[in-house]
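Chain E: place on chain P using the hints.
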Amino acid sequence: MMDFSNEQLQRYSRHIILQDVGVEGQEKLLKSSVLIIGTGGLGTPAAQFLAAAGVGKVGLVDADKVELSNLQRQVLHHTTDVGKLKVESAKEKINSMNPDVEVKTYPYYLTSQNIKEVIREYDFVIDGTDNFPAKFLINDACVIEGKPLSHAGIIKFGGQVTTIVPGGDTPCYRCMFPQPPKPGSVPSCKEAGVIGVMGGVVGTIQATEAIKYILDKGELLTGKLLTYDALKMEFRKINLKKRDNCGICSDDPEIKELIDYEQGACEL
Amino acid sequence: MEVEVRLFATLRSILAKEDRGVGIVDIEEGSSVDDLIEYLEIPRDIPLIIMINGQRKSEESLLKEGDRVGIFPPVGGG
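First to last, the protein sequences are chains P and E.
Counting from 1, one number per residue, gives the positions in the first sequence under the working numbering.
Counting from 1, one number per residue, gives the positions in the second sequence under the working numbering.
If we strip away everything but chain P, and leave its shape as in the complex, we get:
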């Protein structure tokens, strides 16, 4: 067992007294690694809570710089960060929040060429991206690499989230939606808007799933799509099964190589 410093015992005391965490669970968290792809609406709250929880290594992927229009929902970035790389802005805040966390930054977009080697380094992946080409790429890469993933999407006053643990009975994102919608047929947050708190609620659910996976406690959102409607303040969980003819996670998948789908012009 690792030696906890007095500071660590104090910092994580509210975890340590939990029956489902304890010293063993906190040690698991400190030895774990989570990759967060997209440090925006979903990714920043997820990063914040995972870092506070003492996840030992947090990877942050994003090529974008902080813009003023991000600040209404991307709470880790401040006004003084505008123009800075999002991954750098997030890293600074995490470093000052919890020195136990090693932050690794990837200031570029993941593609079919580089995604597999990046996700391989981590225990769990959080998809906080804002477009379908990235969401399908991440799903497919995680299925191929056998990497557990929390997928989520948010728009307007709504969100959806699921957890995928490849290799078993868990349906993947492609079992739910076989292919991305045609570019432009489903609006992005930039076009349709999103209420600022949405990323906080859904990104925090993603962080919760990562923590439960690491601790091996509770039931994950595997085989379930959780939808959140903030206007009705309603959560719904629908049960979904693996699709026999899924293009990526079936026994004889049609997709052999990762695909870089074209981005809708308005999403760029």
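No wet-lab data here; the hints were simulated from the structure.
Calculated lysine-lysine pairs in the BS3-like style (CA-CA distance at most 25 Å, straight line): (1) K237/P x K57/E; (2) K57/E x K224/P; (3) K182/P x K57/E; (4) K242/P x K57/E; (5) K116/P x K65/P.
Relative to the frame of chain P, chain E by itself:
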């Protein structure tokens, strides 16, 4: 026949005049989910999860009086 339709996420504005994405739709006897999608003018290039009375069904499934139909599009924002 009448079916209860719930549209989620970006589709809910299609039934905006009803109770925020929920509405009773009067559709011809013997209609399929596909016919319902056509009737609601949901764009055909969006993959959908169709739930009928809590079970995932295909777009070819036939509807019957009183069915509860939930239609979920993918959500791509972050």
